[in-house]
Structure formats: structure tokens, C-alpha cells
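Trainee: Those sequence lines, one after another, are chains A and B.
Letter by letter, the first sequence follows residues 1 to 287 in my numbering.
Letter by letter, the second sequence follows residues 288 to 436 in my numbering.
No lab work stands behind these hints, which were simulated from the structure alone.
Honestly, I wouldn't trust all of these hints.
[Stated by the list, open to error] As a list, the in silico EDC-like pairs of lysine to aspartate or glutamate whose alpha-carbon atoms are at most 16 Å apart:
{"hint": "1", "chain 1": "B", "residue 1": "K425", "chain 2": "B", "residue 2": "E362"}
{"hint": "2", "chain 1": "B", "residue 1": "K431", "chain 2": "A", "residue 2": "E53"}
{"hint": "3", "chain 1": "B", "residue 1": "K391", "chain 2": "B", "residue 2": "E407"}
{"hint": "4", "chain 1": "B", "residue 1": "K428", "chain 2": "B", "residue 2": "E362"}
{"hint": "5", "chain 1": "B", "residue 1": "K423", "chain 2": "A", "residue 2": "D146"}
{"hint": "6", "chain 1": "B", "residue 1": "K432", "chain 2": "A", "residue 2": "E53"}
{"hint": "7", "chain 1": "B", "residue 1": "K425", "chain 2": "A", "residue 2": "E53"}
{"hint": "8", "chain 1": "B", "residue 1": "K428", "chain 2": "A", "residue 2": "E55"}
{"hint": "9", "chain 1": "B", "residue 1": "K432", "chain 2": "A", "residue 2": "E210"}
{"hint": "10", "chain 1": "B", "residue 1": "K431", "chain 2": "A", "residue 2": "D146"}
{"hint": "11", "chain 1": "B", "residue 1": "K423", "chain 2": "B", "residue 2": "D381"}
[Claimed, not checked] Restraint ranges, calculated between C-beta atoms of paired labels, are given here:
{"hint": "12", "chain 1": "B", "residue 1": "K432", "chain 2": "A", "residue 2": "K267", "range": "11 to 21 Å"}
{"hint": "13", "chain 1": "A", "residue 1": "P233", "chain 2": "B", "residue 2": "K425", "range": "48 to 58 Å"}
{"hint": "14", "chain 1": "B", "residue 1": "K432", "chain 2": "A", "residue 2": "I236", "range": "41 to 51 Å"}
{"hint": "15", "chain 1": "B", "residue 1": "K425", "chain 2": "A", "residue 2": "L275", "range": "29 to 39 Å"}
{"hint": "16", "chain 1": "B", "residue 1": "K431", "chain 2": "A", "residue 2": "G143", "range": "24 to 34 Å"}
{"hint": "17", "chain 1": "B", "residue 1": "L313", "chain 2": "A", "residue 2": "N60", "range": "27 to 37 Å"}
{"hint": "18", "chain 1": "A", "residue 1": "L274", "chain 2": "B", "residue 2": "A426", "range": "53 to 63 Å"}
{"hint": "19", "chain 1": "A", "residue 1": "Q263", "chain 2": "B", "residue 2": "A418", "range": "44 to 54 Å"}
{"hint": "20", "chain 1": "B", "residue 1": "D381", "chain 2": "A", "residue 2": "S268", "range": "54 to 64 Å"}
{"hint": "21", "chain 1": "A", "residue 1": "M125", "chain 2": "B", "residue 2": "L313", "range": "28 to 38 Å"}
{"hint": "22", "chain 1": "A", "residue 1": "H56", "chain 2": "B", "residue 2": "D381", "range": "23 to 33 Å"}
{"hint": "23", "chain 1": "A", "residue 1": "V65", "chain 2": "B", "residue 2": "E407", "range": "43 to 53 Å"}
{"hint": "24", "chain 1": "A", "residue 1": "M125", "chain 2": "B", "residue 2": "R380", "range": "51 to 61 Å"}
Nothing here was measured: the structure is a model prediction, and the numbers come from that model.
All C-beta atoms in this analysis are idealised placements derived from N, C-alpha and C, irrespective of residue type, glycine included.
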Amino acid sequence: MISILIGTIAFAILAPVVGCLLSGFDRVVSARMQGRVGPPILQPYYDVRKLLEKEHASVNAAEGVYVTCALVFAVLAGGIFFGGGNLLMCVFVITLSSLMFIVAAYSTRSPYAEIGAHRETLQVMAYEPMVLLMAIAFFMATGSFDVNAVLGLDAPIITTAWLAFLGLLYILTIKLRKSPFDLSMSHHAHQEIVRGITTEMSGPTLAKVEIMHWYENVLFLGWIGMFFVWGSPISIALTLVVMVLVYLLEILIDNNFARVKWQLMLKSAWVVALLAGGVNIAVLAFL
Amino acid sequence: MAFASKSPWVIHYDASSCNGCDIEVLATLCPGFDGERFGVINTGNPKHADIFLVTGSVNHQNIDVVKEIYDQMLEPKVVVACGICACTGGIFRDCYNVIGGVDKAIPVDVYAPGCAVRPEAIIDAIVEGVAVLDQKSKALKAQKKRGGE
Ligand code: SF4
């Protein structure tokens, strides 16, 4: 309990810093891939500060509350994970955060925000099976749902759960809302029906959404890292390298693929979940 | 320090431009000119935008649209008239249906002339607009401190 409390506080303070730099890094690398100079690395920070300075306006009172809830749950999920708590709990809490975000968009009753919310719901449906199977594979590989169980291992769980890792890698693109799976909200200029799920969110509310994405991105990279940690200090360095490589891979994918239709996203994500997650769990059951 | 100047998000509206200026506005955001160096993002959503780029003159059909977009944007906001049509009506100013430049509908902060307006001129205008944005942002802060609406 204490460790989760410390984890939550540390995550609440440190994750925005890391997430902000990560997002700036993302934008600079994307720009370089497109042959541009790109913004300064602190651009996401400037954006959020600017949004906080803007006039406060909202279509209703509920939207801001839902977005705040989404943000709080994202912090909590990260705290549970980095505090070494229950992975399954972390998965459920971060899903709750996504749901709050969707409800916030629905509450505005704007047709454009609703289209974004529908699509975000589809994204959640697409990645959720794989996330749950990942948690089960984690349990079968370590014998516990507690994240800190990896610290007591002789070998990282990637050795036995690499198939689940590949599945996670596939749905990570959906979770990070990167092209080709950026159906609900694109980062790129002008390829959206108005602005997807965030259409009605403006000023300080939009700033909260941005900060929530920073938390989410750090948490998801944490999930990636969890596969490479074992009871040895070298593993930390290895994990960091893997996380950077995975993020670079995501940027590469983001810049090289056009958006797909939702049917393809949903079907492919479920097939991947069934193959990667299912087979991995079956194999682990026989080991 | 005001952060408004560091991340000017733009929205682009084609009032009744011949499309010459629109092409230049989009070219501004392409790799060659790379507006993102200054934090410029093309949002397409008035609620997210700080700078309103209007191309073309205002006529009876679109004057309400221009006003509506302007009203949906949150303070602090800046309007840039791109191209001579948007500044004064340009070569179309004598047409029976044309009311005139964008300033006939909404307050304009920066005028960027040219037919078509060059991307360099647009970047210049945005950078100029950013200074106005900063002033407005400071005024807004002072107002908030006084507790006024
Ligand atoms: S200024 Fe020239 S290029 Fe631009 S909209 Fe007018 S006529 Fe077309």
C-alpha cells in the first residue's frame, strides 16, 4: 500500500516531465523524417502553458469534470503500476480513464465530438482483449499479478512471453493513437473531421487532455519495459534502451502509414490478440 | 512571460478566395517553409485556434460564417488577413456581391498583402500576429487578476 502511495506521488510528479519530453522528441523526430526542422523539443510544454492561459469556456459543466476524472484515473493507474501494484488493477483503472474521456466527449452532444467518441470506443474495443491477455500471460509467467514480482525473476518474462509482447506492440499503436490507428484523434494537421474526440474541448480542458496523454504514454512504455526487467541492475539499462527503440518504432510507423478503416483495426487487433495472447497463454499453461 | 507567442495554432478559412492564397497558406506549413518551427499548427477547429487566417474577400454569403468562426475562438485571438482580397477586396472589390475586406466583418490585427500572398509574408504576418497575441494575453491576465469578466 505504502509503495503504491509513493509510486503514485512519484508518477504524478515525474511522468509529466518525461511524457512532455517524449512528446517533444516525437514531434522533432517526425519533423526530421518529413525533411523539416521541426519545433523546439519543449514545444508540447509551451502548448500546454498556452492552453492554460486561454479563456475558460465549456459547452457544459460536466465535460471538465469528466476530463479531470480521466486525468486522475490515469495518474492512479500509473501509480499502481510503478508502485509495483496489481497489473490487472492498473489495466482496469486506465480503461476507466479512457471511458471517462469518451463520456466527456459524448456529454458535449456535438456531432463531431460524438464521431470521435464512437471511434475512441472502437479503439478501446480493439485493444482491450490483448491488454487483458497480456495481464494473464504476465500472471502465468511470473505466478503473480503484482508488477514488482518481475524484480525477483532470474530471467525477464520476454523469454517466455515474447508472443504476448509482440501482441502488445501491435496494440500499442492503437493505444498511443498513432497512424494508422489514429481514428479518434489525429496528431497530424488537418486530416480530421474537425478535431475528433477533442472537438469541444478547449483551453484549460484541452491542456488537461494533453497532460493525460503524457501520463498515458509513460505508463504504456512502462508496460513495454516490464517485459525486460529481472532481478539484476543491468536490466534497467536494457529496459530504457528497449523503451526508446519501441517509441522510435512507433514514430516510424506513425509517419509511414495512412489511417486504416475501423473494420480492419478491430479485426486485426482481435486476431492478433487471439494468436499472440492466446497461443502464448496456452504454451505457458503447458510449461 | 506569455506562452501565447510560443504556440500559435492557426485556423484557415477560405472566404471567397480564388484559391491562390489558400495554396500559399498550406504551403507555409509544408516542409519547405515549415511553420512548425514557430510552433504553428493548422488545427481546423476554431475552439483550438489562436490565429485566424482568412483568405479572400467577404461577401453576403460568407460574412456570417466568418463572424461565427471568430466568435467560436477563445481569447486571446488574432485575425490575419492573407492576400490583398482579404485586406481590401482586391481585384474583386467592385463586384456587385463583394462587401470588401475581412475587416468589414471582424476586427483584423495584421494585414498580409500580396496576390497571391507569399509564404514568407504569411510567416511574417503570423510572427507579427504573435506579438499582438502576447499583448492580448497579458491584458487578459491583468483582467483576470482584477477579477473582471
Ligand atoms: S489575393 Fe490574389 S491570389 Fe489571393 S485570393 Fe485574391 S485574387 Fe486570389
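Trainee: Does each hint hold? Answer for all of them.
Mentor: Do the hints match the structure? See the list:
no. : hint                          : result
1   : K425(B) x E362(B)             : holds (11 Å)
2   : K431(B) x E53(A)              : holds (10 Å)
3   : K391(B) x E407(B)             : violated (26 Å)
4   : K428(B) x E362(B)             : holds (11 Å)
5   : K423(B) x D146(A)             : violated (51 Å)
6   : K432(B) x E53(A)              : holds (13 Å)
7   : K425(B) x E53(A)              : holds (9 Å)
8   : K428(B) x E55(A)              : holds (9 Å)
9   : K432(B) x E210(A)             : violated (26 Å)
10  : K431(B) x D146(A)             : violated (47 Å)
11  : K423(B) x D381(B)             : violated (35 Å)
12  : K432(B) x K267(A): 11 to 21 Å : violated (55 Å)
13  : P233(A) x K425(B): 48 to 58 Å : holds (50 Å)
14  : K432(B) x I236(A): 41 to 51 Å : holds (46 Å)
15  : K425(B) x L275(A): 29 to 39 Å : violated (57 Å)
16  : K431(B) x G143(A): 24 to 34 Å : violated (56 Å)
17  : L313(B) x N60(A): 27 to 37 Å  : holds (34 Å)
18  : L274(A) x A426(B): 53 to 63 Å : holds (58 Å)
19  : Q263(A) x A418(B): 44 to 54 Å : holds (48 Å)
20  : D381(B) x S268(A): 54 to 64 Å : holds (58 Å)
21  : M125(A) x L313(B): 28 to 38 Å : holds (35 Å)
22  : H56(A) x D381(B): 23 to 33 Å  : violated (44 Å)
23  : V65(A) x E407(B): 43 to 53 Å  : holds (45 Å)
24  : M125(A) x R380(B): 51 to 61 Å : holds (55 Å)
Hints 3, 5, 9, 10, 11, 12, 15, 16 and 22, counting from the list given before, are not met by this structure.
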